[in-house]
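Order-wise, the sequence lines are chains A and B. The first sequence runs 0 to 252 under numbering that gives the first Met the number 0. The second sequence runs 0 to 317 under numbering that gives the first Met the number 0.
Be careful, since some hints might not be right.
Cross-link-like lysine to aspartate or glutamate pairs, in silico, DMTMM-like; alpha carbons within 20 Å at most [unchecked claim]:
1) B:Lys253 / A:Glu248
2) A:Lys231 / B:Glu303
3) B:Lys167 / B:Glu303
4) B:Lys255 / A:Glu165
5) B:Lys181 / A:Glu165
6) B:Lys36 / B:Glu173
7) B:Lys90 / A:Glu224
8) B:Lys237 / B:Asp274
If you want the ones that stay clear, here's a sample from chain A, every Cβ over 10 Å from chain B, calculated [said to hold, decoys possible]:
9) Val12
10) Ser13
11) Pro24
12) Pro84
13) Ser95
14) Glu115
15) Ala130
16) Glu147
17) Lys176
18) Leu186
19) Glu217
Label pairs and their calculated CB-CB ranges [as the list claims (entries may be wrong)]:
20) A:Leu186 / B:Arg203: 28 to 34 Å
21) B:Glu171 / A:Met187: 52 to 58 Å
22) B:Leu116 / A:Gly52: 52 to 58 Å
These are computed hints drawn from the structure, not numbers from a lab. Here a beta-carbon is modelled for each residue, glycine too, at the ideal position from N, C-alpha and C.
Now for the letters of each chain:
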Amino acid sequence: MNIIVCAKQVIDVSEMKVDPNTKKPILQGVPQKISDIDKNALEEAIKIKEKLGGKITVVTIGPADAKERIKELLAMGADEGVLVPPPEKFDYYVISNLLAGAIKNIGEYDIILCGEASIDMFSGQAGPRLAGLLGIPQITYAQSVNAEKDKVTADRNMGDNAVTTESSYPVLITVTKEINEPRLPSLMQILGAANKPINELSAESLESGLTSKVEMLELKGVSMERKNIVYKNDIDESISKLVDSLAKEGVLR
Amino acid sequence: MVLVYSDDKKITFELLNKGSEIAKELGEKLTAVIIGKIDESLSQEYISYGADDVFVSETDIDTFKAEEYANYFENIIKETKSEIIIIGSNKNGKELASRLAGRLDVGCIIDCTNIYLKDNKLTSERVVYSGNAIAVEQFNSKPAIVTVPSKVFDPLPKDEKRKGEIIKKKFEIEKSASKILKVQEMKSEGVNVEDAEIIVSCGRGFKNKEDIKMIQDLADAIKGRTVGCSRPIAADLKWLSEDHWIGLSGHKVKPKLYIAAGISGQIQHIAGMRDSGIIVAINKDPEALIFKSADYGIVGDLYEVLPKLISAVKEKIG
Ligand SMILES: Cc1cc2nc3c(=O)[nH]c(=O)nc-3n(C[C@H](O)[C@H](O)[C@H](O)COP(=O)(O)OP(=O)(O)OC[C@H]3O[C@@H](n4cnc5c(N)ncnc54)[C@H](O)[C@@H]3O)c2cc1C
Ligand SMILES: Cc1cc2nc3c(=O)[nH]c(=O)nc-3n(C[C@H](O)[C@H](O)[C@H](O)COP(=O)(O)OP(=O)(O)OC[C@H]3O[C@@H](n4cnc5c(N)ncnc54)[C@H](O)[C@@H]3O)c2cc1C
């Protein structure tokens with residue numbers, strides 16, 4: 000089974016600060032990590048490999064420092080990494096085409112796994128978009144996956160409905176956070192990852208002259224100012240103060 | 000032409016309002032799309048809510064597969080020469096729009112909380128970084144595909160006198176290699192958190208499913224009656240149905256009062272309730288993040304706080 004996992008390096012949104020004057024998020028100096036659900040995608044890939052054998056390649060479209068993040072994925076159990084730095088300006092179209100280019104470059108594949116959505120931009124576009132580009136079936140929002148030799152079935156959370164879908168290979172699957180608990184690599188695995196290859200490719204070598212279809216005009220801040228009155232002491236007293244405050248606010252009627 | 004589509008007709012009604020504004024500005028027609036059997040009454044409804052005409056892509060296929068629906072849309076867009084496609088942002092709509100964007104290799108923006116024309120180009124706003132910012136993005140290319148969630152726009156008042164054409168067409172499409180084995184309606188308790196004025200929410204601070212009754216009791220006492228929850232309660236533990244789920248990947252709510260008990264306040268939960276009027280947090284951990292996003296907080300064990308709070312509220316408002 001040749002498995003490809005698309006994993007995005009994102010900023011850790013929970014560590015993000017907002018500039019108190021402009022209300023805009025401060026993007027510099029925020030720690031980077033692999034988007035949470037992409038680790039679930041890799042975990043699922045490892046489980047499939049444990050069952051059916053094969054090889055796992057992780058693909059990241061990201062800056063050079065994403066190499067450190069790919070090493071974490073190699074330690075978890077991926078066999079190889081591919082890193083493609085995007086051109087200076089990029090959008091969903093450019094990213095998906097680079098993913099498609101990198102995957103065609105890898106060659107044979109049976110399953111492509113993606114996250115339901117990335118934790119920073121959260122569009123959930125890249126997976127199904129990539130499936131469309133490659134012209135292969137897609138199984139989205141998988142909460143459990145059962146891969147067999149010549150087909151895969153998945154239970155999917157589609158909001159109003161729970162849908163079970165089956166597909167032959169190749170197929171692209173996007174997974175939700177609930178599908179599994181990503182493993183933590185052992186020290187041995189972390190050391191072992193140093194010997195696994197990370198293939199760095201240029202965007203130009205995959206798809207030349209990709210230009211964005213969508214431009215970012217502005218990143219607007221959103222203010223979140225709250226009173227932050229916290230009652231810490233005697234519970235009975237806290238409750239009566241809270242109820243009084245809520246009545247004054249006019250929300251208790 | 001401007002196309003509007005959702006498999007949820009309530010969302011279509013909402014999108015027709017904004018769609019007609021954009022179509023008028025461009026001097027183009029607004030077309031509602033139906034994929035399925037010819038449905039005269041639904042078509043007329045779409046016209047009453049603002050569509051200039053309705054395009055019915057006739058098919059017997061009655062289960063949704065993004066591969067096949069995207070294929071219908073490729074044909075519809077070619078046939079109508081449409082340059083703006085607005086799709087309802089439920090899960091089906093998102094995977095359809097994204098795949099379609101891949102098939103046509105065009106621009107696409109998911110989950111827009113506003114769309115408008117700026118310098119005659121389609122421009123959108125969407126929430127990014129878990130609610131910490133709004134990205135204003137603009138298409139420099141056509142066709143442009145966007146998805147818009149429910150309740151972003153209001154529908155126009157229904158005008159039964161409006162007339163429009165119903166265009167019918169059958170396309171041959173490629174069958175998908177995937178098979179739908181089972182579709183099961185998710186258990187739903189029929190709550191509508193999006194319209195609620197008061198929401199009382201529970202998180203993993205609750206130890207047992209039975210204990211959630213305390214939240215219901217508080218909701219009743221406070222005359223809110225609407226119960227919400229964090230993702231783990233609906234998605235992992237399945238103690239409540241998904242219509243209660245609030246957050247980035249769940250429902251976005253803006254009640255006058257939001258009470259969070261036993262919820263840690265991770266940014267993905269906050270993303271769903273940050274626009275609430277007053278936010279109250281109950282958590283035993285004084286360092287819990289939720290207090291940073293709250294107007295009022297009580298540090299304490301919810302098993303002690305909730306029963307007392309329920310009595311205090313009852314005493315206050317009877
Ligand atoms: C005009 C514009 C400018 C932008 N500029 C920047 C910028 O400067 N820096 C920036 O970080 N982002 C930028 N973005 C956002 C960037 O284009 C998106 O992050 C990217 O297209 C993926 O979208 P998403 O994050 O919403 O991922 P989703 O569609 O939510 O991702 C779903 C899944 O697809 C896969 N995936 C997504 N992206 C990647 C990737 N890069 N590598 C591997 N797998 C992936 C993962 O499996 C992920 O779980 C910009 C966007 C626009 C529109
Ligand atoms: C891509 C992505 C999307 C997500 N989308 C969502 C979403 O839409 N909605 C959402 O909610 N989450 C979402 N999450 C998950 C989110 O990150 C958190 O994991 C989740 O919100 C935590 O739920 P919780 O607060 O109920 O549980 P926990 O984080 O476990 O918090 C439980 C809290 O209860 C408190 N507590 C425990 N016992 C007591 C007691 N006896 N009395 C009082 N307090 C007590 C604890 O101090 C703790 O603060 C998403 C995550 C990802 C990665």
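(message) Check the structure against each numbered hint from earlier and tell me which ones fail, lowest number first.
(response) Of the numbered hints given earlier, those the structure breaks are 3, 4, 7, 8, 9, 10, 11, 13, 14, 15, 17, 19, listed in rising order.
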